[in-house]
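Residue numbers (the numbering used here), protein chains in the order written: chain A, 105 to 450; chain B, 105 to 450.
You may find that some hints are simply not true.
As the list claims (entries may be wrong) - So, partial list: chain B residues that the calculated Cβ filter (under 7 Å) puts toward chain A:
| id | residue |
| --- | --- |
| 1 | P147 |
| 2 | P260 |
| 3 | K284 |
| 4 | Y320 |
| 5 | N353 |
| 6 | I361 |
| 7 | G363 |
| 8 | E365 |
| 9 | H425 |
| 10 | K430 |
| 11 | T431 |
| 12 | C439 |
| 13 | N440 |
These are computed hints drawn from the structure, not numbers from a lab. Built from N, CA and C at the ideal position, the CB exists for glycine as well.
Now for the letters of each chain:
Protein chains: 2
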Amino acid sequence: MRRLIAVATLALAAPTLAQEPEPPTPASVVAAAKPAEWTAIDPADLVVMELAPDTAGGKRTVVIQLLPPPFSQGWVGNIRTLAKAHWWDGTTVYRVVDNWVAQWGDGEDDEHKAKPLPDGLRVVPESEYVATVTIVSRDNPQKFDPMVTLLPAPDPYVGFELSSHDPQVAWVGGISGFSKGWPVALTPATPLRGGEDFVADLTAMKDGDIWPTHCYASVGVARDLSPDTGTGAELYAVIGHAPRQLDRNIAVVGRVIEGIEHLSVLPRGKGEAGVYDDPKLRVPIVSVRLGNELPVPPKFQYLASESASFAEYVRVRANRHDSFYKTPAGGIDVCNVQVPIRRVPQ
Amino acid sequence: MRRLIAVATLALAAPTLAQEPEPPTPASVVAAAKPAEWTAIDPADLVVMELAPDTAGGKRTVVIQLLPPPFSQGWVGNIRTLAKAHWWDGTTVYRVVDNWVAQWGDGEDDEHKAKPLPDGLRVVPESEYVATVTIVSRDNPQKFDPMVTLLPAPDPYVGFELSSHDPQVAWVGGISGFSKGWPVALTPATPLRGGEDFVADLTAMKDGDIWPTHCYASVGVARDLSPDTGTGAELYAVIGHAPRQLDRNIAVVGRVIEGIEHLSVLPRGKGEAGVYDDPKLRVPIVSVRLGNELPVPPKFQYLASESASFAEYVRVRANRHDSFYKTPAGGIDVCNVQVPIRRVPQ
Chain A
105 MRRLIAVATL
115 ALAAPTLAQE
125 PEPPTPASVV
135 AAAKPAEWTA
145 IDPADLVVME
155 LAPDTAGGKR
165 TVVIQLLPPP
175 FSQGWVGNIR
185 TLAKAHWWDG
195 TTVYRVVDNW
205 VAQWGDGEDD
215 EHKAKPLPDG
225 LRVVPESEYV
235 ATVTIVSRDN
245 PQKFDPMVTL
255 LPAPDPYVGF
265 ELSSHDPQVA
275 WVGGISGFSK
285 GWPVALTPAT
295 PLRGGEDFVA
305 DLTAMKDGDI
315 WPTHCYASVG
325 VARDLSPDTG
335 TGAELYAVIG
345 HAPRQLDRNI
355 AVVGRVIEGI
365 EHLSVLPRGK
375 GEAGVYDDPK
385 LRVPIVSVRL
395 GNELPVPPKF
405 QYLASESASF
415 AEYVRVRANR
425 HDSFYKTPAG
435 GIDVCNVQVP
445 IRRVPQ
Chain B
105 MRRLIAVATL
115 ALAAPTLAQE
125 PEPPTPASVV
135 AAAKPAEWTA
145 IDPADLVVME
155 LAPDTAGGKR
165 TVVIQLLPPP
175 FSQGWVGNIR
185 TLAKAHWWDG
195 TTVYRVVDNW
205 VAQWGDGEDD
215 EHKAKPLPDG
225 LRVVPESEYV
235 ATVTIVSRDN
245 PQKFDPMVTL
255 LPAPDPYVGF
265 ELSSHDPQVA
275 WVGGISGFSK
285 GWPVALTPAT
295 PLRGGEDFVA
305 DLTAMKDGDI
315 WPTHCYASVG
325 VARDLSPDTG
335 TGAELYAVIG
345 HAPRQLDRNI
355 AVVGRVIEGI
365 EHLSVLPRGK
375 GEAGVYDDPK
385 LRVPIVSVRL
395 GNELPVPPKF
405 QYLASESASF
415 AEYVRVRANR
425 HDSFYKTPAG
435 GIDVCNVQVP
445 IRRVPQ
């Protein structure tokens, strides 16, 4: 037998002798979701980037979904302005670092910048890296406004600084989950402590901060040193393990929902910080358009994170019992959940 | 200014007006580590895979470090046998899935298998996915045998199954850290609960399980459905976000310590489960040798995970205060620590 490790399609190879029904898999839960549990993505919230064809002449289209309110809307507005001005047309993907990011835009420093920015771009303050979560129902800790579906485990990135040599300090921190189909982390005003406190604080949780997380395929705004926050003209997509240390330090503005492989397979740059030292390696960007400006607006939908099927999907992903698995993990991190997104079925 | 997001080399762009010394960065901590804190890697524990040159004639060498005892030694022994038999010479990289794995070996199913396996391969039981941790010092919870340097946060993947709709269930689980320079997770026989219990259980922790984690660049043994565990002839390397659900379900046997980009940039396969449907896309493997069989054995070393510099490196990675960062995370996950490994300085 060809040896393959678990993939969604492995369900095709279910054992022929099985008498009991195969336990649910993430794919089977998604396939069984009701049509009403899928939420349409407005084409106006999509950015479609067309790279130059590959060496074999194949199309390279990257579709990015913009982050919804209350997150990062200053930068998202700038990105809409830049796309409407066709500013990215003729720019390039100029920096690729393994297990880190692929970055595009003008890619020149101020002295050599050839491409003036359009009017109307906002300077966005660092305070907009986070939003405020308002709890609407204290007797149900899983209901917030905006609605957040929580993961059943603490988030290692939502702590507070610990002294390095005191193993007696209790871990304190927050949680992560999903809001409007996006991975988020949150810190209540009252710090969460583990165990009894962890649960107690959840039910008596005060208002606090909530922010989007850096996961594989997340799109963010490249910038210089703080307090600069970037305009949105230079963007990157994550092509490796979730760099969660960037959360609350760079603006996440969206995610690649189709075509991330056109960025993740690009040669890694060998210049400073992974910039292509040979300009011939830069990948030309033919056009960047908002989805609603295209002759045929792309139609996508995501599995609503407040739906019963999404909750079941998370539970099954955290506890795999299908034939490939022997030991369910009993937990998962927010970036390994991969919110189901698909083209609208015809 | 060219806008770049944080990379190790960003320290080069420290602000010129800074009067205070720049706080430590992960790179500065590693650079300041004492020579005695670096541990040599025996070339006999390295596997060097030479792929066919790329289209520009560039060499593609992938260096893999094999996992040390007490982990996965049945499969590691098989891999040594296969390498000594030159079994992989002439095989291919035949499967690449975005944000998942690149896989190599014979790649044929039993009916068509062209390449018989060498004698002497062991059939390894699933029980060897985990080892036993023995606590040698109960008054210091950070000392184990094998030595484990613990992360200051719970690990979301070391839980026990939770009911899906009971938000009152306390999170219970274990921890992760580093043993002999490798990322590991562990579950004490007494479950850890958060908060007070979390700390209390650490100090009164009973012996339990310990196992290697699946991180970016981890190498594992592809297999068919459980209870098959694979021989080690078909291997994969992780090229995306850490697929921790595979922990304790597949044998981790090593990690790519140089040349992972030769695998991560390969075109994604479009056949079933990401296998290349066009055989011409398969990447030929010229040779696979143990490091000590090469004319010039490669010399690498890693920053010892029980060293003071490693502890400081983890602390700084979890709490970034250098110029690029505004808000330190206060925590980190075990796969985002990236154990420092380098060629032995000349």
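Verification of the hints:
The interface hint given for P147 (chain B) is violated, since its Cβ lies 24 Å from the closest Cβ of chain A, which is over the 7 Å cut-off. Proximity of P260 (chain B) to chain A holds as hinted, the smallest CB-CB distance being about 4 Å (cut-off 7 Å). A hinted interface residue such as K284 (chain B) counts as satisfied when its beta carbon comes closer than 7 Å to some beta carbon of chain A; here the least separation is about 20 Å, so the hint is violated. Taking 7 Å as the C-beta cut-off, the interface hint given for Y320 (chain B) holds, the closest approach to chain A being about 5 Å.
The interface hint given for N353 (chain B) holds, since its Cβ lies 5 Å from the closest Cβ of chain A, which is under the 7 Å cut-off. Violation of the interface hint for I361 (chain B) is found here, the shortest Cβ-Cβ separation to chain A being roughly 13 Å, above the 7 Å cut-off. The restraint placing G363 (chain B) at the interface with chain A is violated, with a minimum CB-CB distance near 10 Å, outside the 7 Å limit. With its C-beta approaching chain A no nearer than about 5 Å, E365 (chain B) sits inside the 7 Å limit, and its interface hint holds.
The beta carbon of H425 (chain B) comes no nearer than 9 Å to any beta carbon in chain A, farther than 7 Å, and the hint placing it at the interface is violated. Look at K430 (chain B): its Cβ gets to within about 5 Å of chain A, closer than 7 Å, so that hint holds up. Hint status for T431 (chain B): holds, given a least beta-carbon distance of 4 Å to chain A, under 7 Å. Interface hint status for C439 (chain B): upheld, as the beta-carbon distance to the closest one in chain A is roughly 6 Å, under 7 Å.
Interface hint status for N440 (chain B): upheld, as the beta-carbon distance to the closest one in chain A is roughly 6 Å, under 7 Å.
Violated hints, listed in ascending order, are 1, 3, 6, 7, 9; each of the other numbered hints is respected by the structure.
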